[in-house]
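Q: Each chain is listed here by its residues.
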Amino acid sequence: MSVNVRIPTILRTYTGGKAEVAAEGTTLSEVIQSLEASHPGIAARVLDDQGKLRRFVNVYVNDDDVRFEQGLETATPAGAGVSIIPAVAGG
Amino acid sequence: MAVQTAVQNADSDAADTGAVDLGPAAALSCRECGERFDLGPIFACASCFGPLEVAYDLPSGTPEELKKRIAEGPDNIWRYAPLLPVPADVATKPNINPGFTKLVKADNLARELGVTGSLHIKDDSGNPTHSFKDRVVAIAVEAARAFGFTTLSCSSTGNLAGAVGAAAARAGFRSCVFIPHDLEQGKVVMAAVYGGELVGIEGNYDDVNRFCSELIGDPLGEGWGFVNVNLRPYYGEGSKTLAYEICEQLGWRLPDQIVIPIASGSQLTKIDKGLQELIKLGLVEDKPYKIFGAQAEGCSPVSTAFKAGHDVVRPQKPHTIAKSLAIGNPADGPYVLDIARRTGGAVEDVNDEQIVDAIKLLARTEGIFAETAGGVTVGVTKKLIENGLLDPTLTTVVLNTGDGLKTLDAVAPTTGPTATIRPSLDAFRDAGLATN
Chain A
1 MSVNVRIPTI LRTYTGGKAE VAAEGTTLSE VIQSLEASHP GIAARVLDDQ
51 GKLRRFVNVY VNDDDVRFEQ GLETATPAGA GVSIIPAVAG G
Chain B
1 MAVQTAVQNA DSDAADTGAV DLGPAAALSC RECGERFDLG PIFACASCFG
51 PLEVAYDLPS GTPEELKKRI AEGPDNIWRY APLLPVPADV ATKPNINPGF
101 TKLVKADNLA RELGVTGSLH IKDDSGNPTH SFKDRVVAIA VEAARAFGFT
151 TLSCSSTGNL AGAVGAAAAR AGFRSCVFIP HDLEQGKVVM AAVYGGELVG
201 IEGNYDDVNR FCSELIGDPL GEGWGFVNVN LRPYYGEGSK TLAYEICEQL
251 GWRLPDQIVI PIASGSQLTK IDKGLQELIK LGLVEDKPYK IFGAQAEGCS
301 PVSTAFKAGH DVVRPQKPHT IAKSLAIGNP ADGPYVLDIA RRTGGAVEDV
351 NDEQIVDAIK LLARTEGIFA ETAGGVTVGV TKKLIENGLL DPTLTTVVLN
401 TGDGLKTLDA VAPTTGPTAT IRPSLDAFRD AGLATN
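First to last, the sequence lines map onto chains A and B.
So for the first sequence, the UniProt record's numbering puts the first residue at 1; every next one is plus one.
So for the second sequence, the UniProt record's numbering puts the first residue at 1; every next one is plus one.
Derived from the structure by calculation, the hints contain no laboratory data.
Among the clues, some could well be false.
Said to hold, decoys possible - Quick list of in silico lysine-lysine cross-link-like pairs, DSSO-like style, CA-CA up to 30 Å:
(1) A:K52 x B:K67
(2) B:K67 x B:K273
(3) A:K52 x B:K317
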């Protein structure tokens, strides 16, 4: 299923400067794999050596922080908006 | 590692990232992986997303020479300019010039709490907009000026919005700040009165923060200096001045214990950084100190992780009267855990009723009316003493970071006139108010 992924400035070197790209997958994990296939190198920026989300990355599926959902196994329905955002903001 | 240019991961391409004069600031360094970057309006490491912080060329000279230089400076945070990311002539520029607030020796409160050592309240309600946020914003203003921004912005739980509005007005910036739509009236009015744009977002603080993080990567946010996003490495350094002032006001001594509120955790981590710098520069004697973090039970992701022995902070949905601390996903939470454990401190929380009780306790013992965050630190201090985690025989400093006038709603339901009477002596006597 196709979803739209918002890419933070910090990762746009991998997407040719695009702020939003399409990806495929029924879960966040699959979406990241799809991103990696289209934009090699991007997965290693979002995931750590154990394949988990880096602790300073926030990911939202539509308006939901995936840490409140099922993490990388969070469902990504067709047409969903996925946002990757640096966590070191605010306060 | 090689120093990357700011342009490689700049979060706004509208700013001029050429040579900037930010005094002793030498570079930005990733707190996670150590990678270094040129000074610029960036906040997250391009390699690992870790937070960037300012690395310095700290001043040379003897400790006595530096103390003399500081003592000759103005009665505000610019007396510490040699230790901050600001130009040497910062005191001559239009800014809100916060700091050098009172360190109140709280003997009455000490007696109530059974403290036999010395207890002090660092009362930051005395800043220009009545919270510690003036410190961090003043630094961010200088970074915004250096990078050529013309608009100041932020995500805020209230105090920061007011500080940004005031600083922008004084320093000649446009401002547009974002807050949760349901904040206390005192904070909303205070944020709006300075004439900038104030936008309520339908959601909690974490929603506001997410919105700002997306705005900054969009053409809509180009040319904007978000003090706690793309200027966050500089902004955070303002909290170091709390450490400097506390030690200077104690006669250039480290306190034994400090109780600090936790929202994002930035303030606590920067106070620790400031104390370490003073030790490194020889301005204070190197000795152990303990740092304690204070949260509201209704938003306690860091204290929950601390008590569970975790080094990862699981976000929470906040529900507390301490709205200035209601950050459910605290950016610096993991570092707070590291510091509390490294120094032998702790992270504790108190519920809303205990917060209100603590606000009243501080008010009736010391004449200081704290906002809810101050109720949290005083309440946690009481709890830490009762639990045996805070030593009552030592020198302890408790932070009050804001003014109770901004959070009247918290105490108004249980605070009011003793009696309402006719203007007559008989009525006064009949009401049982006469003591003679």
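Q: Are the hints correct? Go through all of them and say.
A: Hints, one by one, checked against the model:
no., hint, in the structure
1, A:K52 x B:K67, "violated, 48 Å"
2, B:K67 x B:K273, "holds, 18 Å"
3, A:K52 x B:K317, "holds, 23 Å"
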